[in-house]
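Peer 1: Here is how the chains run, residue by residue.
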Amino acid sequence: MGGIEEFSLVDRTFLRAYRWRKIDPVPWAPLEKPLSDCRLALVSSAGFVTPDQGAFDGSMRGGDPSFRSIPSDFPTADLIDTHRSDSFDHEGMVRDPNLAFPIDRVRELVESGRIHSVSEEHFSFMGSITAPGRLVRDTAPEVARRLVERRVDVALLVPV
Amino acid sequence: MCNQAVSLVAAELERQGIATVAIQLLRNVAKRVRPPRALFVPFRHGYPLDDPLNPARQHAVIEAALRLLEISELRPPVLVDFELSSP
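In order, the protein sequences belong to chains V and L. For the first sequence, position 54 (counting from the first letter as 1) is numbered 54 according to the working numbering, and the numbering increases by one without interruption. For any residue, its number in the working numbering is found by taking its place in the second sequence, counting from 1, and adding 1000.
Quick caveat, the hints were computed from the structure, so don't treat them as lab data. Ideal Cβ positions, reconstructed from N, Cα and C, are used throughout, including at glycine. It is possible that part of the hints are untrue.
[Said to hold, decoys possible] Some chain V residues near chain L, calculated using beta-carbon distances under 7 Å:
| # | residue |
| --- | --- |
| 1 | I23 |
| 2 | A29 |
| 3 | V43 |
| 4 | P71 |
| 5 | P75 |
| 6 | V110 |
| 7 | G113 |
| 8 | V118 |
| 9 | F125 |
| 10 | L147 |
| 11 | E149 |
[Unchecked claim] Computed beta-carbon distance windows for the label pairs:
| # | chain 1 | residue 1 | chain 2 | residue 2 | range |
| --- | --- | --- | --- | --- | --- |
| 12 | L | E1073 | V | S36 | 13 to 23 Å |
| 13 | V | V94 | L | E1073 | 37 to 47 Å |
| 14 | V | G58 | L | E1073 | 15 to 25 Å |
| 15 | V | S36 | L | G1017 | 16 to 26 Å |
| 16 | V | P75 | L | Q1016 | 37 to 47 Å |
| 17 | V | D73 | L | Q1016 | 20 to 30 Å |
| 18 | V | K22 | L | L1084 | 34 to 44 Å |
| 19 | L | L1084 | V | A131 | 16 to 26 Å |
| 20 | L | R1015 | V | A131 | 32 to 42 Å |
| 21 | L | G1017 | V | F14 | 32 to 42 Å |
[What the hints assert, rightly or not] Reference excerpt, derived from the structure (chain V facing chain L, CB under 10 Å, subset only):
| # | residue |
| --- | --- |
| 22 | V49 |
| 23 | P51 |
| 24 | E108 |
| 25 | V143 |
| 26 | V152 |
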């Protein structure tokens, strides 16, 4: 079972004192057509990169707000976990990146007709971002802009 | 922190007209941050789709998330529990 209890005392203390960023107002984009007509993109905070991309920077103060574009046809098994946090068990997502970046599952949704298509690119972040100002101001809007350009209708977001 | 990060990205996508659903591993964080549509899953950190190398289980979680997109009556912020007994 998940929960804050699985973290170390240091992490639990930090999380209890942390001032979470409240989304207010909460934006809302209703689904405008059946999912079977929709193009889907993935956004994961698991810190995956492709071999030709640099690792996320675990030393950056406040967290690394950058992202990596993962081509939709990239071989799942070749994704590299560069998430620097030792607060969670990486073993499962190293064995099977679909656990946190379910590219194969999304392809299967297209094959089954549940969704129409997948975005040409998906996006990977490293979620240990304690100071999310640059994420909110710069990189999240950039990802949104690119997904709008790619005519993405829906996005599935997966933390670790 | 991962829960907050994907929630903040989800909010920006929704502002740009893309419907989102975010998996969440910490219910209290989801309540505070308020992503537009969230599926709380009772799994360990690092295991948001529960089980590696188990496509059926992973599909069950993804399907529960996708269904939230299809319920037109929902209003934000949406936070729904994944049922652990699901296949």
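Peer 1: Answer holds if the nearest beta-carbon of chain L is closer than 7 Å to that of V/E149; otherwise answer violated.
Peer 2: violated (10 Å)
Peer 1: Evaluate the given range 37 to 47 Å for the C-beta pair formed by V/V94 and L/E1073.
Peer 2: holds (40 Å)
Peer 1: Mind checking the hinted window 34 to 44 Å against the Cβ distance between V/K22 and L/L1084?
Peer 2: violated (28 Å)
Peer 1: Determine whether the Cβ-Cβ distance between L/R1015 and V/A131 falls within the hinted range of 32 to 42 Å.
Peer 2: violated (21 Å)
Peer 1: Check the following: the C-beta atoms of V/P75 and L/Q1016 are separated by a distance inside 37 to 47 Å.
Peer 2: violated (29 Å)
Peer 1: Would the hint on V/V110 be counted as holding, given a Cβ-Cβ threshold of 7 Å to chain L?
Peer 2: violated (13 Å)
Peer 1: With a cut-off of 7 Å on the beta carbons, see whether V/G113 makes it to chain L.
Peer 2: Given a least distance of 13 Å, the restraint on V/G113 is violated.
Peer 1: Take a look at whether the Cβ-Cβ distance between V/G58 and L/E1073 falls inside 15 to 25 Å.
Peer 2: At roughly 42 Å between Cβ atoms, L/E1073 and V/G58 fall outside 15 to 25 Å, so the hint is violated.
Peer 1: Could you say whether the range 20 to 30 Å given as a hint is met by the Cβ separation of V/D73 and L/Q1016?
Peer 2: Because 25 Å falls inside the window, the suggested range holds.
Peer 1: Are V/V49 and chain L close enough, Cβ to Cβ, to be under 10 Å, as the hint says?
Peer 2: violated (16 Å)
Peer 1: Quick check on V/P71 please, does its C-beta sit within 7 Å of some C-beta on chain L?
Peer 2: violated (19 Å)
Peer 1: Closer than 10 Å between Cβ atoms is the bar; does V/P51 clear it against chain L? Give me holds or violated.
Peer 2: Status violated, d = 21 Å.
Checked against the numbered hints listed earlier, the structure breaks hints 4, 5, 6, 7, 8, 11, 14, 16, 18, 19, 20, 22, 23; every other hint is satisfied.
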